[in-house]
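Undergrad: First to last, the protein sequences are chains A and B.
Residue 6 is where the first sequence starts when you use the numbering used here, and the numbers rise one by one after that.
Residue 44 is where the second sequence starts when you use the numbering used here, and the numbers rise one by one after that.
Treat the hints with care, since some could be wrong.
Cβ-to-Cβ under 10 Å is the rule here; a few derived chain A residues that face chain B [stated by the list, open to error]:
#1 Ala174
#2 Phe176
#3 Asn226
Keep in mind that the hints were calculated from the coordinates and are not lab data.
Here a beta-carbon is modelled for each residue, glycine too, at the ideal position from N, C-alpha and C.
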Amino acid sequence: MASGRGVQRVLAKLQKSLDEGNYYEAHQMYRTLYFRYNGQSKFTEAIDLLYNGSLGLLNAKQFASGTDLALLLVETLDKSSTKPSSETLEKLGKLHSLMEKDSVERPTFVGAAVRWSSAEQKFGHPELHKYLAHNLWLERSYSESRYHYVRSNDGEECASMLIEYQITAGFPSEVDLFIAQTVMQCLCLKNKLTANSCFVSYTQQHPQVESGPPFVRPLLNFLWLLLLACDGGTVAVFTILVEQYQPTLRRDPTYNEYLDRIGQLFFGVPPPRSNNPSGMIGNLLSSLFSADDEDETEEEADVINIASNATAFDLD
Amino acid sequence: AVGSADWHRVVPSEWVPVISRDVARQQRDSAQPPFSDAYLNGMPAKRRKLMS
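Here chain A stands alone, though its shape is the one from the complex:
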């Protein structure tokens, strides 16, 4: 196979191409070196090379080739069974921030990176989600940003983003709904810490929320008490809360479906008798728990998610 000297020669040529702005050539040489390292199972070297190459090309606005190397990077992390570390997650976040907002490949990169990071955390590593959410917030892709924040460990930043989103794009009648939707989704993902810190920050900092607790709006009191009950509350307390706040909870028909799930996760409520996930609830939950599936059609995604859901629900 290739000798160390061969690699050195290509590296020297590569630097020359970069210096001269021959990005097409540089990209090809990165790929050549990557295949050599890969063939020799030199994964650490390959990972460094691909990161530096992707970073350099993206910084030079060579979006297609930069993203191509970023995809190879994730592939290599996966193949070499590299465990997520703060350093690597930050690097992936950095590459994501440099990619074009409307790039076709960026969602593929996000999906692959999240999948790789979910070896130990089933919905993806919260630190990676935080970087993705932060980048998307800066781009004002609020809805996508929210998706990643509910899977992150940064409830305070999630609240700041959510307040900005609510004020700029929501209706005044939705001040309490925005935080309710987010808190309940976090709880469905068993992400109680983020649910809690997001709720506290949102209610303290949103200019249209009066001071509390207790609050003027019943829905905010419901969330406050629900979060308290999640810490060792009984199923009886949970049931009473859900009953007494029904008029409010029916403002958004998804809330009672989230609460079914929250009842199962935090209060040991048994799942509904028909355990058939093909109905509305199955579909609703499966699309909430799905990984990034933007490159699949919805129908395909639903089938895959229902299948993977059955296991995801049982593993606690």
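Given the coordinates of chain A, assemble chain B onto it according to the supplied hints.
TA: Just chain B now, kept in the frame of chain A:
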């Protein structure tokens, strides 16, 4: 209703005035106006399709 005040004894006592006040308040609540796109975007895809 049967046992309508039973819940008073189940929840922590300091919750009772909060919940009682909210029960009364909810009777006066008006219907929810249509949702903004920003809010609808937070719903799972299937539900979003049904709502809009």
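Undergrad: Confirm or reject each hint.
TA: We went through each hint and held it up to the structure:
1. Evaluation of the A/Ala174 hint against chain B yields a held restraint, the C-beta minimum of about 4 Å falling below 10 Å.
2. Proximity of A/Phe176 to chain B holds as hinted, the smallest CB-CB distance being about 5 Å (cut-off 10 Å).
3. The restraint placing A/Asn226 at the interface with chain B holds, with a minimum CB-CB distance near 6 Å, inside the 10 Å limit.
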